[in-house]
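2 protein chains.
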Amino acid sequence: MTHANVNTFRDLCPALANKTYFNYGGQGPLPTPSLQAINASWQRIQELGPFTGHVWPFIEQETARLRQALAHLCGVSPHRIALTENVTSGCVLPLWGLPWQTGDVLLLSDCEHPGVVAACQELARREGLRIEWLPVLELCRNTPQAALDDAVLEALERALSPDTRLVALSHLLWNSGSVMPITAVAKRLQQHPKAPWLLVDAAQSMGSIPVEEAAAAADIYAFTGHKWCCGPEGLGGVALSQRLLEQAQPTLIGWRSLRHEASAGSSFHNDARRFEVATSCVPLCSGLATSLELLAQAGTPSERLAIIQARSLRLWQGLQAIQGVSTLLPDPPAAGLVSFTLGSTATAAVVAQLGAEGLWIRRLDDPDCLRACTHITTTEDEIDALLQALGAAG
Amino acid sequence: MTHANVNTFRDLCPALANKTYFNYGGQGPLPTPSLQAINASWQRIQELGPFTGHVWPFIEQETARLRQALAHLCGVSPHRIALTENVTSGCVLPLWGLPWQTGDVLLLSDCEHPGVVAACQELARREGLRIEWLPVLELCRNTPQAALDDAVLEALERALSPDTRLVALSHLLWNSGSVMPITAVAKRLQQHPKAPWLLVDAAQSMGSIPVEEAAAAADIYAFTGHKWCCGPEGLGGVALSQRLLEQAQPTLIGWRSLRHEASAGSSFHNDARRFEVATSCVPLCSGLATSLELLAQAGTPSERLAIIQARSLRLWQGLQAIQGVSTLLPDPPAAGLVSFTLGSTATAAVVAQLGAEGLWIRRLDDPDCLRACTHITTTEDEIDALLQALGAAG
Numbered sequence: 142m143t144h145a146n147v148n149t150f151r152d153l154c155p156a157l158a159n160k161t162y163f164n165y166g167g168q169g170p171l172p173t174p175s176l177q178a179i180n181a182s183w184q185r186i187q188e189l190g191p192f193t194g195h196v197w198p199f200i201e202q203e204t205a206r207l208r209q210a211l212a213h214l215c216g217v218s219p220h221r222i223a224l225t226e227n228v229t230s231g232c233v234l235p236l237w238g239l240p241w242q243t244g245d246v247l248l249l250s251d252c253e254h255p256g257v258v259a260a261c262q263e264l265a266r267r268e269g270l271r272i273e274w275l276p277v278l279e280l281c282r283n284t285p286q287a288a289l290d291d292a293v294l295e296a297l298e299r300a301l302s303p304d305t306r307l308v309a310l311s312h313l314l315w316n317s318g319s320v321m322p323i324t325a326v327a328k329r330l331q332q333h334p335k336a337p338w339l340l341v342d343a344a345q346s347m348g349s350i351p352v353e354e355a356a357a358a359a360d361i362y363a364f365t366g367h368k369w370c371c372g373p374e375g376l377g378g379v380a381l382s383q384r385l386l387e388q389a390q391p392t393l394i395g396w397r398s399l400r401h402e403a404s405a406g407s408s409f410h411n412d413a414r415r416f417e418v419a420t421s422c423v424p425l426c427s428g429l430a431t432s433l434e435l436l437a438q439a440g441t442p443s444e445r446l447a448i449i450q451a452r453s454l455r456l457w458q459g460l461q462a463i464q465g466v467s468t469l470l471p472d473p474p475a476a477g478l479v480s481f482t483l484g485s486t487a488t489a490a491v492v493a494q495l496g497a498e499g500l501w502i503r504r505l506d507d508p509d510c511l512r513a514c515t516h517i518t519t520t521e522d523e524i525d526a527l528l529q530a531l532g533a534a535g
Numbered sequence: 142m143t144h145a146n147v148n149t150f151r152d153l154c155p156a157l158a159n160k161t162y163f164n165y166g167g168q169g170p171l172p173t174p175s176l177q178a179i180n181a182s183w184q185r186i187q188e189l190g191p192f193t194g195h196v197w198p199f200i201e202q203e204t205a206r207l208r209q210a211l212a213h214l215c216g217v218s219p220h221r222i223a224l225t226e227n228v229t230s231g232c233v234l235p236l237w238g239l240p241w242q243t244g245d246v247l248l249l250s251d252c253e254h255p256g257v258v259a260a261c262q263e264l265a266r267r268e269g270l271r272i273e274w275l276p277v278l279e280l281c282r283n284t285p286q287a288a289l290d291d292a293v294l295e296a297l298e299r300a301l302s303p304d305t306r307l308v309a310l311s312h313l314l315w316n317s318g319s320v321m322p323i324t325a326v327a328k329r330l331q332q333h334p335k336a337p338w339l340l341v342d343a344a345q346s347m348g349s350i351p352v353e354e355a356a357a358a359a360d361i362y363a364f365t366g367h368k369w370c371c372g373p374e375g376l377g378g379v380a381l382s383q384r385l386l387e388q389a390q391p392t393l394i395g396w397r398s399l400r401h402e403a404s405a406g407s408s409f410h411n412d413a414r415r416f417e418v419a420t421s422c423v424p425l426c427s428g429l430a431t432s433l434e435l436l437a438q439a440g441t442p443s444e445r446l447a448i449i450q451a452r453s454l455r456l457w458q459g460l461q462a463i464q465g466v467s468t469l470l471p472d473p474p475a476a477g478l479v480s481f482t483l484g485s486t487a488t489a490a491v492v493a494q495l496g497a498e499g500l501w502i503r504r505l506d507d508p509d510c511l512r513a514c515t516h517i518t519t520t521e522d523e524i525d526a527l528l529q530a531l532g533a534a535g
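Keeping their order, the protein sequence lines are chains A and B.
Heads up: the first sequence is residues 142 to 535, going by our numbering.
Heads up: the second sequence is residues 142 to 535, going by our numbering.
Calculated from the structure, these hints are not laboratory results.
Incorrect hints may appear among the rest.
If several chains are the same, the list does not tell them apart, and a pair holds so long as it fits within one copy or across any two.
[Unchecked claim] Dumping the calculated SDA-like pairs for lysine to any residue here, alpha-carbon to alpha-carbon at most 20 Å:
#	residue 1	residue 2
1	Lys160	Leu446
2	Lys160	Leu189
3	Lys335	Ala158
4	Lys160	Arg185
5	Lys160	Trp197
6	Lys335	His195
7	Lys328	Pro198
8	Lys160	Asn148
9	Lys160	Leu270
10	Lys328	Leu294
11	Lys328	Glu295
12	Lys328	Arg384
13	Lys328	Leu483
14	Lys335	Asp522
Everything numeric in this text was worked out from a predicted model, so none of it was measured.
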């Protein structure tokens, strides 16, 4: 990795040219070469197809190239990766296909995204399951990162019951920005008599921190390409465990789930494709693959995380110095999400005021706070500009 | 409508410049202005966003514009349209949310797409439902189109039972190319004590025939933008009945299903958005909206169908004159799908041989046959070239 490559990556993103951007956790900027790759893919499909014997090898090549890149990042074989439209689909499609029994308990952390929570609640309603909660937010707020893994594992120990059949825990919490000990949790769950499934929302981790151990350890590790990976919106994926592939039935079945697409009587794919549905936008695969290549040129996941951490550290430290500001975490963040409150000032008003100045952060509902994200593209000048604006707003 | 506008539409499609194309039922060509609109949409999102207060009005405008255009075509209010990734999602997402009871019967026509059939079979397995079959293929093969509506309604009468809770019938059958009397079927189902749901796969009808009466009459009218509408792959929609919106729960729940996206405790949207899931590719909306506008410039749905019928008539009549060829239908097709067999010649070999000459048709498994589609872009020269090649291949 060179600093030059990081600067190059930034320069390739027109979204960053006219604003001071801290919403990578919402959506990342799309580099121009990725948009060009999307375009070129569409043109090639029109040239070869769109529905001809000549176009299938190209479509297979583009999806296989992406599946392989994602599998490499996740530390799993490509047959364990399903491509999905978004994180929610990646979480929920396999979830609905698991073999549930009335009375099974879904243990959800209290920092899961509302979409995943609502999906679990609906599943519980239909299948007669119970929802229980794993409290991690207060631990994040009060525990130094060095002690957080143990604290989370102790909380898990207290929350597990004989009926626990699934644990849902994000890898990088979208509200506090803390990293959860996914591999240790997976190991603990293996000792449980029911070996509960481990569902990991990887919306914030994929592309921002190394994920290969966690992704390989989880049963469902669902991510999107349009946040920290800086790919196009509308394409993500999920890494699935071998035991899940063997035990889960597809729910939203279409021709891509079937081994022989022309025949409903045929069985489903044995691999993760059983959770793929039907026609999706292949040019997006070319775009995401290009974004992943550009990120790789800027450094390995560990090297990039070091840059992200350096940026979030600068922001976190600067926030400590502003009157009335409290960061959610007692320590510098483990990755690029920095959440904080701003004394008595209403968070929504602050977001609007900063936006009017061309600085973009977001607010979260639960807990009510502000969140600014730093990526490898974030400059020190941007951080200082944000700190100055927050100081004035406070 | 002018003939000039039809020619213009064809000239805007690079896919049609270097091949003789008859696979519109598989995927339609993407006009260059639609690809340009997709690109412009992405650039605008990067300029305004991608995740800022400035970008939301643009995203709302692009999705609302498409939702409105689709609602207009379907003859329903925009609140009854959900945007989906593909036809399968449009069929299956609402299907899984309906209130089923053990023993309910799903009555499927024997011409449904394998994806929909497999999804119904899995639903039946999980919910203890029974699948029964509505035989229409043999009717299509043996009944003149003028008598087909009555024949289908009689078959429906024989197939309905007190336990029938859903009927699945495509509007334009993907294999035989026959149009089904959807509004009459809907009326009949209203008289049934259980008022069975009517699920209509509109993959082949949307963009090729007028759909507004059928779409408004069905409970689930699911279509895609990438076939006869000539939009980008990965975007479709579904028109939902008011009673379905009131009685069905969403299955694949994400932030877009929720009235307040930040809170899982909030209720679902009252309108069709409860079946939308999470982040999807907004630029595709700009592309499909552009394709629909270009098609509208070429004529109303009825005017375009007249052109499509004139083309399929020429092809159908030409096929009658070729030794060994049998068309599936005894009459000229009601729309643009022309299915036929070619004596003893293996269908797969014919597809490959024609492909080598730059002529693209496809084969179907059930019944084993060849299918060539004519759209408004099809020229008489193309049809004559196909007929000549088939004559040589027979």
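The hints, checked one at a time:
1. Lys160 <-> Leu446: neither (23 Å within a copy, 49 Å between copies)
2. Lys160 <-> Leu189: So Lys160 and Leu189 pass the 20 Å test across copies only (9 Å; inside, 39 Å).
3. Lys335 <-> Ala158: For Lys335 and Ala158, neither the intra-copy (52 Å) nor the inter-copy (60 Å) Cα distance is at most 20 Å.
4. Lys160 <-> Arg185: Answer is between: at 14 Å across copies they meet the 20 Å cutoff, but 34 Å inside does not.
5. Lys160 <-> Trp197: between (41 Å within a copy, 16 Å between copies)
6. Lys335 <-> His195: neither (49 Å within a copy, 49 Å between copies)
7. Lys328 <-> Pro198: neither (40 Å within a copy, 46 Å between copies)
8. Lys160 <-> Asn148: For Lys160 and Asn148, the Cα distance is within 20 Å only inside one copy (16 Å; across copies 44 Å).
9. Lys160 <-> Leu270: neither (46 Å within a copy, 55 Å between copies)
10. Lys328 <-> Leu294: The answer is within: 11 Å in one copy meets 20 Å, while 59 Å across copies does not.
11. Lys328 <-> Glu295: within (14 Å within a copy, 61 Å between copies)
12. Lys328 <-> Arg384: within (15 Å within a copy, 47 Å between copies)
13. Lys328 <-> Leu483: Answer is neither; intra-copy 39 Å and inter-copy 60 Å both fail.
14. Lys335 <-> Asp522: Neither. Shortest intra-copy (52 Å) and inter-copy (67 Å) distances fail the 20 Å Cα cut-off.
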